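J.: Which chain is which? The protein sequence lines are A and Y, in order. So the first sequence is numbered by the numbering used here: it starts at 424 and just counts up by one. So the second sequence is numbered by the numbering used here: it starts at 76 and just counts up by one.
If you're looking for bench data, these hints aren't it; they were derived computationally from the structure. Owing to the predicted nature of the structure, the values given are computational and were not obtained by experimental measurement. Be aware that one or more of the hints could be misleading.
[What the hints assert, rightly or not] Think about it this way: if two alpha-carbon atoms lie no more than 30 Å apart in a straight line, the pair counts; the simulated DSBU-like pairs of lysine-lysine are:
| id | chain 1 | residue 1 | chain 2 | residue 2 |
| --- | --- | --- | --- | --- |
| 1 | A | K1200 | A | K1183 |
| 2 | A | K1055 | A | K441 |
| 3 | A | K809 | A | K1200 |
| 4 | A | K441 | Y | K88 |
| 5 | A | K809 | A | K441 |
| 6 | A | K441 | Y | K211 |
| 7 | Y | K211 | A | K817 |
| 8 | Y | K211 | Y | K200 |
| 9 | A | K441 | Y | K200 |
| 10 | Y | K88 | A | K657 |
| 11 | A | K817 | A | K1183 |
Spelled out from the first residue to the last, the chains are:
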Amino acid sequence: MSEAEFKTRHPGLAWLAKMAWRDSRGQRRLLALFTLSIVFGVGAVVAIQSLRSNLSDIIEVQSRALLGADLVLRSQQAFGVEMDAFMADLGGQQTREIRLRSMAFFPGSSGSQFVQLRALDGPYPLYGEMETEPVELGPNPNDWQDGVLVEENLMIQQQLAPGDSIRLGDAEFRIAGRLVRVSGESEVSGFFSPRIYLTIDQLQETGLLQEGSIINHRAYFRFPDGLTETIQEKLQEARNNLFVDYGIRRETAENRQERVERILANLFDFLNLIGFIALLLGGIGVAGAVHIFLQQKVNTMALLRCLGASSGLAFQIYWLQVSVVGMLGALVGAMLGVGIQFLLPIPLRAFLPFPIEVQFDPGAVLAGLLFGWLIVSLFSFVPLLKIRGVSPLKVIRSSVGNARPMRRDPLFWALIMAIVAAISTFSVLQTQQWTYGLAFVAGLGGSLLLLAGLAWLLRWALRLSARRSGSFAWRLGLSNLYRPNNRTLLMVVSIGMGVLLIHTLFLVRAALLHQVEGQDTGDAPNVILLDVQSDQLDDLQSFLSDNGFSALETLPIVTMRVAAINGREMRELREDPDAGISHWIFSWEFRNTFRDHVLDNATVIEGEFVPRYDGPEPYPISLSENVLDDMKVGIGDRISWNVQGVRIETVVSSVRLIEWEVGRQNFNVVFPLGTIEDAPVVYAVTVRARDRAESSSLQASLTQRFPNVSMLDLTLLFETINNILDRAAFVIHFMAAFTIATGLTVLAGSVVTSRYQRIKESVLLRTLGASGAFIRKLLMIEFLLLGFIAAAAGILLSIVSTWALLWSMFDLELVLNWQGSLLTLVSVVALTLITGLLTTRGIASQPPLAVLRREEG
Amino acid sequence: MTEQSIPAPPILKLEKVIKTYHSGHQSLTVIRDITFTVPPGESVAIIGPSGSGKTTLLGICAGLDQPSEGAIELCGHRLDQLTEDQRAEVRNRKLGFVFQNFQLIPTLTALDNILIPLELRGDRKAREQALDWLAKVGLADRGHHYPVQLSGGEQQRIALARACVGNPEILFADEPTGNLDDETSQQIEDLLFETHARIGNTMVLVTHARELAQRCDRVLRIRSGHLEEVTDHVRS
Ligand SMILES: Nc1ncnc2c1ncn2[C@@H]1O[C@H](COP(=O)(O)OP(=O)(O)O)[C@@H](O)[C@H]1O
Ligand SMILES: [Mg+2]
């Protein structure tokens, strides 16, 4: 044999495949189980990616329908002569809309409801469609023969049918049909106040268009050639003067598309990361299972080496097995993902501003396959690396150790870095921001470590307590968690991670709901009456006390816009890029109040609050801390206001820090008494209703007496928020459930790989006289403990992470919900127990002799 | 040795081989300075009490392990100077190994187990030769059985077929009958010497069994790390 003969020969790929196939004999079911570990992760990623690409395709095609027009101009007051002239000059097809919220009363059922009225002078939308029932109604309210269009949900709630009547303000109309959907709007947009379409003439009849009410004016444009450069130039020109003077906001189809895309991107990034966690856990699970699988193969490997196989060849045989199995898992996962892709839109539908057409997306499937396979390959490389070091000497001496510990293997570290790099790349690509992506990886790694640490502590504590006072079965069951080669930490971490995710979502949601609901206790107001005119105030108050209510707060409101800051006109500030004043200040219709005291939920943090002022302008005003930066003002700065054409000069004399609460009317700007009482004032009156029944009856009688007064019923609002959170939570929980499912498959895989060891133990115990029932009891205890440790560690960590999340992102307090946590704990323990018992079936009944004989061979 | 024949170069040659095991702070020298050669075609038995280093020595001779010091030449290759993968190559081409506990691959059938060494070489006519050897060890009808379905003696016969199928120049056997009852041991012994006689290869075997040692050309005893010729050896 010459030196050249030592060049590594390879018996060929076909042989490799054959050998890999033969070697998997008797363990194919086990290998199939590994694949399950990544099925759910790949499924989640494929589903989310496919859906995402479906949606972006739709958005691309329907970008104009999202806005319903090429351009929308909005104002919080009537447009006025100058704007009318400007818009006439823009040309194209135009539709005007007036939008306001009000009460609707249904004489047929005596029901009433807070609604949004949308009065049109022509067809809407100019792109896309308004789906109505009956279909013939069409998109133009002028064709509805004096009828109005009512949102379908409201019709159902109030048991209305076309032809019934509806009272709006002073007028009563016939319901012409139902509004099914308007393109560009999701179902959620009608959740708080259902939509009613009518003509502008009809709206005039209602008498609801009063000074001081919150009214939104819109003009929709459709241009024959889209947004041409000429039009854009005109808009650009008006932006810094006309639009500032009249507080006009504009939005183009392109702006809207970007906005929708951004929102969807955030949603999908988030869902994708959850899917990714499931995939990663699967990867870790595969690595763990492959590790045990390979341990059983050490002897075969040593023998192959002994018979002349190179270390590379032995590696290839097993890598091929794992790799093929990984590919299969990814394939099954991709199929699952495509299935989910068709299901997921159902709960998501309410949030999407257009109907979804689900389409098979080969790119997403390919990406999912590739990524799933990559994860399996990378993770299983870790245990595979070890087999390079298997010495042929092992055949003659089983005690021979591995060549060297993994820690000293540079390839091991290179692999770990490759894994971290792959994960980081994925999450940075996903979040499209370095910081977020890396923070996600760090958070994930940290959670895994913390989970493992917590689990370790729990196990240790359990053992300590069992040593003191545990029955024999308990101590034995517990010691199973410590058996050599145990995968306890792996199993706990993979199940615990799912628990952590789900329970965190649960706690965040509880905190959000608590924030809303929590204030609905004691004497806090929960009904707000809006747009009460000055001359109605006395009547309203006596009406309230007649009905057993008392006005808790009566808040005067004067609407005004900012005209100048420190002597610089808003037009000028708009053109000055260095002014740094927030967009909204230019067009915002401020609802300011006057009073002689600071409310109990606010504190003066700077300057001095002036309760009453009888001097000349500038009037000393108090600002809320949150507008300071947006207006770029501080104590002593001057603000000029435009109160329906009249200018008022003010100076900032104090700053309040407000604790914002739902149900409390808070004000950015408070004037002292003696200043603006003579300006056009409307009032908001807050009252307290004991329950929904009481608020409903108030609503019914109120609508009849004061048709222009709107009632915001917070008890109803809670329900609505709850409803929205429910739907959002469903989608997220659905994804998080994939992590749990992955955790359980990892558990099943680990248990099955330890099956032989368990059989030996059980046989030994039985030769010593233990009954089959005793063995089963041991197994039960083991899985109970395992489930408990995983769930407890996940729940504990989720409490900490939720606290951190709420504190840093929402500034909310953590609300613990023991029943919910207990339910999570019990369900996870039950799931673990069931999975464990299913995978250990038959262990307690193996005939001892057969097992002992097999030992000899 | 007659004048006419030039002595053939030895097939196995150990020179000043030392093997020391280190475990923790302690070290144990199992083999101290062993030098010996085996000419082609010879059968050699290595005997010695349990724990004396027989397996260690055989492992070093077969290139399964490396000596701490010294040189080993097998079929003209300096085993101590090759890389692990090159030694694997030599093992595949030049030698066969029979183990005390058979060491069949449990997931492969008897026939497939025999095939492995040839397949590793990429040999195309492997199957015929394997079937041939299956017949030679008297198990022609058991080729499709898995190791668990075979008795100990049958397993060892398959192992022997596997060791010989590649026509190795030298066959190593570490207590090949150690796990078998007397009667089966006898059958394996016979088979071992039959094949030795048939292919005329070199054979180095480690054994406890006196009669097995007796049938070899030469018997060496390992004692406190040294190898000594057993002079009272009478070939039966
Ligand atoms: N890896 C090792 N580390 C330390 N000592 C070892 C190792 N392998 C074998 N030994 C020791 O070397 C001696 C010889 O072992 P061995 O070659 O198996 O003897 P034999 O086969 O003659 O019974 C024994 O005392 C054994 O304990
Ligand atoms: Mg030995």
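J.: Give me the numbers of the hints this structure contradicts, sorted from smallest to largest.
T.: When the structure is compared with the hints, numbers 2, 3, 4 and 10 turn out to be violated.
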